[in-house]
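Listed below are the residues making up each chain.
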Amino acid sequence: MATVITVDHLRKVYGRTVAVDDLSFSVERGEIFGILGPNGAGKTTTVECVQGLRTADGGTVRVLGLDPTTQAAELRQRVGSQLQDSALPGRLRVGESLELFAAFARHPVDSEQLITRWRLQEQRDQAFDSLSGGQRQRLFIALAFVNSPELVFLDELTQGLDPQARRATWDLIREIREGGTTVVLVTHFMDEAEQLCDRIAVVDDGKVVAIDTPQGLVDGLGMQSVVRFTSPEPDLGWLEQLEVVESVSRRADAVEVRGNGPVLALVASKLVARGIVPLDLRVERPTVEDAFLNLTGRRIRG
Amino acid sequence: MTAMGGYVAMTRAEFRLFRREPFSIVFVLAFPLMMMMLLSAVFGNDQADAQDVENGMLVWRGVTPTDYYTAASVAVIIAALGLMTLPINLAGYRERGILRRLRASSVSVWILVSAQLTLALVTFVAGALVMGVVAWLAYDAMVPQDVIGVFVALVFGTAAFGALGLLLAAVVRSSRSAQGIGLLLFFAMWLISGTAPPRAVLPSGLSDLGGVLPLAPLVTALQDPWFGFGWSATDLAFLTGYAFAAGVPALWLFRRD
Numbered sequence: 001m002a003t004v005i006t007v008d009h010l011r012k013v014y015g016r017t018v019a020v021d022d023l024s025f026s027v028e029r030g031e032i033f034g035i036l037g038p039n040g041a042g043k044t045t046t047v048e049c050v051q052g053l054r055t056a057d058g059g060t061v062r063v064l065g066l067d068p069t070t071q072a073a074e075l076r077q078r079v080g081s082q083l084q085d086s087a088l089p090g091r092l093r094v095g096e097s098l099e100l101f102a103a104f105a106r107h108p109v110d111s112e113q114l115i116t117r118w119r120l121q122e123q124r125d126q127a128f129d130s131l132s133g134g135q136r137q138r139l140f141i142a143l144a145f146v147n148s149p150e151l152v153f154l155d156e157l158t159q160g161l162d163p164q165a166r167r168a169t170w171d172l173i174r175e176i177r178e179g180g181t182t183v184v185l186v187t188h189f190m191d192e193a194e195q196l197c198d199r200i201a202v203v204d205d206g207k208v209v210a211i212d213t214p215q216g217l218v219d220g221l222g223m224q225s226v227v228r229f230t231s232p233e234p235d236l237g238w239l240e241q242l243e244v245v246e247s248v249s250r251r252a253d254a255v256e257v258r259g260n261g262p263v264l265a266l267v268a269s270k271l272v273a274r275g276i277v278p279l280d281l282r283v284e285r286p287t288v289e290d291a292f293l294n295l296t297g298r299r300i301r302g
Numbered sequence: 001m002t003a004m005g006g007y008v009a010m011t012r013a014e015f016r017l018f019r020r021e022p023f024s025i026v027f028v029l030a031f032p033l034m035m036m037m038l039l040s041a042v043f044g045n046d047q048a049d050a051q052d053v054e055n056g057m058l059v060w061r062g063v064t065p066t067d068y069y070t071a072a073s074v075a076v077i078i079a080a081l082g083l084m085t086l087p088i089n090l091a092g093y094r095e096r097g098i099l100r101r102l103r104a105s106s107v108s109v110w111i112l113v114s115a116q117l118t119l120a121l122v123t124f125v126a127g128a129l130v131m132g133v134v135a136w137l138a139y140d141a142m143v144p145q146d147v148i149g150v151f152v153a154l155v156f157g158t159a160a161f162g163a164l165g166l167l168l169a170a171v172v173r174s175s176r177s178a179q180g181i182g183l184l185l186f187f188a189m190w191l192i193s194g195t196a197p198p199r200a201v202l203p204s205g206l207s208d209l210g211g212v213l214p215l216a217p218l219v220t221a222l223q224d225p226w227f228g229f230g231w232s233a234t235d236l237a238f239l240t241g242y243a244f245a246a247g248v249p250a251l252w253l254f255r256r257d
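Protein chains in written order, with this note's numbering: chain A, 1 to 302; chain B, 1 to 257.
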């Protein structure tokens, strides 16, 4: 796979505040790459430097083989971007905004197509000021795709969206990736990062503290899976003989099995083989959130 | 042809926005027109032959008050566009994150400024035409004697006030402060630059102060060819000075932003 973004020892200082300090990562073509971190970690500054909207104080950045500070014009024709805290003129309408931005694109996407895809049909003739938060967000996402980008930056993608719209947006982002577009997702939502991203860079205090797949981050924790079910069966001690199981404990009928690896699948198959079929068999696995708290929380407290 | 197509699209959007919220009409159309009519009414048009003004001060530069104020009010339109419309719009765009949004999508600030200037130019021409026609029909005011000279003065005046507007937009942080500072500068200049009371009746200190601000040179640069007095090289040079003194830092600030 080709590398589309290389960030090497990036540094950005605002006055005395070091926003980004010696930050490095790379993004491969076709992946959804997440930048996850608490507020103020330097995520937005990083992607703004990568897009050439800010000039770095140190380090090198290459995007699609271009230098974002000196080749910004060429770069902006090939990347799309949905920015945090931006706006459009209050009286400009949705349809007009899409047409306006399309006029600057070398390879514009038909604005009707974007309106349909991002469910803005009913807002077409509505002015920007009269849109709800979620509608504005959808418009900004649509604008990010107006120039048929090879690479899009989505900064807090689902901010202001209701749960249904969030799910729908995630599906559309996956669909866009299927079309070959690389996606850089800046977020502080754990579930979003876990659901969407192929790889995640966890950023804290202007530094990358971990880069891995969501699964890799979770595995790196070394935390156990917990399988729970209820069963009247008196003796379940034999479950401990399974290699993946570390411990079995029970309180009345409630059984708790702890272990590493595919605990649920192996426990389930053994139970079924012995004719024990609990209705409520479920697993609690550590999530990206646990990994995140582990990676950043420890640093903050330490 | 993205640049040209972009400029056309941006200009069209700006015209639409103007049509939906024609706020700047107050100062670029209504105010100068109203002042021209009021001042003409106040000072009357029959008493002059101003050459015969008794104290010999040639208060109206040797023309009738209406002739005087028609030419001066055209200068006021340019000042209103440069000191208020342009900075208020641009500062608002910056404050709300619109500039950033545009820049991230290949829309340079210069395309936006060009579109705004185009809009300003059209509003100016409309304002000046209305002014001229009203003055001509109602008061039989003088039409420009030297059209080319007037045009040249307008170009220099636009450059000076356009640059001031850009500088103002670059240094203020919000649309509200642009409004405040713009209004203040506008009215201060309007009162002492010969656009309200003629400069000949001002105390010398105020008159001198007015003389170094950009509106008074624009008024003279515009009136001289309008009344057939020839071109005023000094005033044109003054306006050029302002265009560079304000324009260069403004360009630098916007580029850096």
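You may find that some hints are simply not true.
[Said to hold, decoys possible] Going by beta-carbon spacing under 10 Å, a handful of chain A positions derived as facing chain B:
id, residue
1, Tyr14
2, Gly80
3, Asp85
4, Arg106
5, Trp238
[As the list claims (entries may be wrong)] Facing chain B, according to a computed beta carbon distance under 10 Å, are these residues of chain A, among others:
id, residue
6, Gln51
7, Leu83
8, Asp191
9, Gln195
10, Asp198
[Claimed, not checked] Covered by chain A, according to a simulated footprint, are these stretches of chain B (three or more residues, beta-carbon under 8 Å):
id, region
11, 4-11
12, 90-101
13, 135-146
Keep in mind that the hints were calculated from the coordinates and are not lab data.
Just so we're clear, the structure is a prediction, and the values are computed from it rather than from any experiment.
Glycine included, each C-beta is placed from N, C-alpha and C at the ideal position.
Hints versus structure:
1. Tyr14: Since the shortest Cβ distance to chain B is 15 Å, the answer is violated.
2. Gly80: This hint holds: Gly80(A) lies near chain B, its Cβ roughly 8 Å from the closest one there, short of 10 Å.
3. Asp85: holds, 5 Å
4. Arg106: holds, 6 Å
5. Trp238: With a minimum Cβ separation of about 61 Å from chain B (threshold 10 Å), the hint on Trp238(A) is violated.
6. Gln51: holds, 7 Å
7. Leu83: Holds - the Cβ of Leu83(A) comes within 10 Å of chain B, reaching about 6 Å at its closest.
8. Asp191: Result: violated, 27 Å to nearest chain B Cβ.
9. Gln195: Where the cut-off is 10 Å and the nearest Cβ of chain B is about 26 Å from Gln195(A), the hint is violated.
10. Asp198: At 24 Å from the nearest chain B Cβ, Asp198(A) fails the 10 Å test, so the hint is violated.
11. 4-11: Check passed, 5 qualifying residues.
12. 90-101: holds (count 6)
13. 135-146: violated (count 0)
Violated hints, listed in ascending order, are 1, 5, 8, 9, 10, 13; each of the other numbered hints is respected by the structure.
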